[in-house]
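Novice: Sequence:
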Amino acid sequence: MPKQRSDSIEQLRQNGAFDVVVVGGGINGIGVFRELALQGLRVLMVERNDFCSGCSAAPSRMIHGGLRYLENGEFGLVRESLRERDALLQNAPHFVRPLPTVIPIASRFSGLLNGAAGFLGLGSKPARRGALPIKIGLVLYDWVTRTRRRLPGHSLQGAEETFRHWPDLTRSLKFSATYHDAWISHPERLGVELVIDTMRLAPDSVALNYAEIRMQGSALSVTDKETGESFPVTCRTIVNATGAWLNEAIREFSGDSKGSQTLVSGTKGSHIILDNPALLKALRGHMVFFENVDGRVCIVFPYLGKVLAGSTDIRVDSVDRVRCEPEEKDYILQSLRLTFPRIDVSDDDVVFSFSGIRPLPKSDHSFTGRITRGHFVHRLEGVIPQFCMVGGKWTTFRAFAEQAADEVMAELRHDRKTATLDLAIGGGADFPADPQDLIRKLAARYAISTERAAYLVDVYGTRAGAVLAFCADRNHDGPLASATMMTTGEVLFLIRHEAVVRLSDLILRRSALAITGEISSDLITAIAMIAADELGWDAARMRQETNAFINELNNFYGVSPEMLEQRSLERNTKCD
Numbered sequence: 010m011p012k013q014r015s016d017s018i019e020q021l022r023q024n025g026a027f028d029v030v031v032v033g034g035g036i037n038g039i040g041v042f043r044e045l046a047l048q049g050l051r052v053l054m055v056e057r058n059d060f061c062s063g064c065s066a067a068p069s070r071m072i073h074g075g076l077r078y079l080e081n082g083e084f085g086l087v088r089e090s091l092r093e094r095d096a097l098l099q100n101a102p103h104f105v106r107p108l109p110t111v112i113p114i115a116s117r118f119s120g121l122l123n124g125a126a127g128f129l130g131l132g133s134k135p136a137r138r139g140a141l142p143i144k145i146g147l148v149l150y151d152w153v154t155r156t157r158r159r160l161p162g163h164s165l166q167g168a169e170e171t172f173r174h175w176p177d178l179t180r181s182l183k184f185s186a187t188y189h190d191a192w193i194s195h196p197e198r199l200g201v202e203l204v205i206d207t208m209r210l211a212p213d214s215v216a217l218n219y220a221e222i223r224m225q226g227s228a229l230s231v232t233d234k235e236t237g238e239s240f241p242v243t244c245r246t247i248v249n250a251t252g253a254w255l256n257e258a259i260r261e262f263s264g265d266s267k268g269s270q271t272l273v274s275g276t277k278g279s280h281i282i283l284d285n286p287a288l289l290k291a292l293r294g295h296m297v298f299f300e301n302v303d304g305r306v307c308i309v310f311p312y313l314g315k316v317l318a319g320s321t322d323i324r325v326d327s328v329d330r331v332r333c334e335p336e337e338k339d340y341i342l343q344s345l346r347l348t349f350p351r352i353d354v355s356d357d358d359v360v361f362s363f364s365g366i367r368p369l370p371k372s373d374h375s376f377t378g379r380i381t382r383g384h385f386v387h388r389l390e391g392v393i394p395q396f397c398m399v400g401g402k403w404t405t406f407r408a409f410a411e412q413a414a415d416e417v418m419a420e421l422r423h424d425r426k427t428a429t430l431d432l433a434i435g436g437g438a439d440f441p442a443d444p445q446d447l448i449r450k451l452a453a454r455y456a457i458s459t460e461r462a463a464y465l466v467d468v469y470g471t472r473a474g475a476v477l478a479f480c481a482d483r484n485h486d487g488p489l490a491s492a493t494m495m496t497t498g499e500v501l502f503l504i505r506h507e508a509v510v511r512l513s514d515l516i517l518r519r520s521a522l523a524i525t526g527e528i529s530s531d532l533i534t535a536i537a538m539i540a541a542d543e544l545g546w547d548a549a550r551m552r553q554e555t556n557a558f559i560n561e562l563n564n565f566y567g568v569s570p571e572m573l574e575q576r577s578l579e580r581n582t583k584c585d
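Just so we're aligned: the sequence shown equals residues 10 to 585 in the working numbering.
Hints are computed from structural coordinates only; laboratory data are not their basis.
Incorrect hints may appear among the rest.
Claimed, not checked - Label-pair restraints from in silico Cβ distances: (1) Ala-478 / Arg-158: 37 to 43 angstroms; (2) Ser-230 / Asp-326: 27 to 33 angstroms; (3) Ala-549 / Asp-329: 27 to 33 angstroms; (4) Ala-428 / Phe-84: 21 to 27 angstroms; (5) Arg-505 / Thr-459: 24 to 30 angstroms.
Remember, it's a predicted structure, so these values are computed and weren't measured experimentally.
Ideal Cβ placement from N, Cα and C applies to all residues, glycine included.
Generate coordinates for the entire structure from the input sequences, incorporating the hints supplied.
Specialist: Below you can see the structure in the form of structure tokens.
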């Protein structure tokens, strides 16, 4: 039986002595928690909200080498990113999958000199990139992966061949290039699976969401935000993995009230999810990696039956929760209209939007695209030494965690016991080369449709069998609502096995109901009733959770109460 949140709190109550405290439960914090705990150290990770609920919940959902980083001369970052991309394809194949990509090209030589200037650190805003600089970049991209390649190499096509494959692309292009990267279907779920794996393999370590850590002098305490109970803790060192909030956290744990340490300078990135069948068909299973008129690289690719498009890159002066603003949505939609002028793309197609702050290293670059997506660890002296994780991106979380863990272990004079580069993650363990084999076996064993088995394998990988076994033991396990794959038993499984505290945890991060535009008023009510019964919520708490979640959808994800009601009406109409 996996450790539940109550078990973690009891461990904290019984023994508050740790080797390392990790502050922040985003993907970087989770990564370093796993790295350190698997080396035999006792580690506590504290996240003030839910795991992977901040910037880690708002990525482009690409797992990529960073083709454009070559223009900045960041060969080391590209090499590391490609190695980590290929490792995730191997270790988490239920979430991370190949993504064929096409680059529309409008000229032969444009951007060549600007690319060279960027490589030398002399350029700022890039010019539009022509066929030659893109060809050079893709040759380098393939060369980096020559010894451990898991994906096909690139190719270059003329206009005639390009339009044969993608007839709806803008007629202004003269060439196109294709290459492969990868995408991730459920990033927040991958983070949760890392936490589950770690607490299973290193049971003395503790990960706690919805908790806050405070320091007074040299004394640390952790407070459970659900109950208000506090626990004294001790540690030998702190890892600050608070991402965009790093500067503020440094002040908390170093006593630097003036805030002289400014290591992170974030930019805001927004994305939208569209329900547009014509655009989905036009992509033909590919991502289109293209330039907007301002030189900013944009993306659009198929995502869980819908279309994901983005992104913006706006410098922010202060850290707060952000949303995709109307002007950002218009920017992304306009970029799609320029790239696919024959397809009607409108505001009405947007079923979900999301935004986050990239925790980038402090930079004076005027063009945000030139700011490195690299990472480093900054050590701060103090009563308790503090290691600050600066920068990073989803693709390289494991490498960054490994680097931070090695520096912490050097401080503690503790030797590494195991490597994680080839360690399977969650439902990626023993995942078959052909998922259809697993789907057929589960459908036959549990007497369910192949459609439902395929859905569960997509969400849980090889853990799908555990979900079905759990559901089979329930007296009643039926669909939450008509025309949805999630069942009542599955919701209960998530609550009992994946540290669920709030209604938003279930709908935004443990499932794809919200991001795919499936969530509706009737589904919210059905899920809230199961959570209330299992978590002991009274009627007032259930109303509070429901209202808070509906307001969150409206304020931060572009999903209004009217949209939720309309979706319920449409579902019920189809059922009738």
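Novice: Please flag the earlier hints that this structure goes against, numbers listed from lowest up.
Specialist: When the structure is compared with the hints, none of them turns out to be violated.
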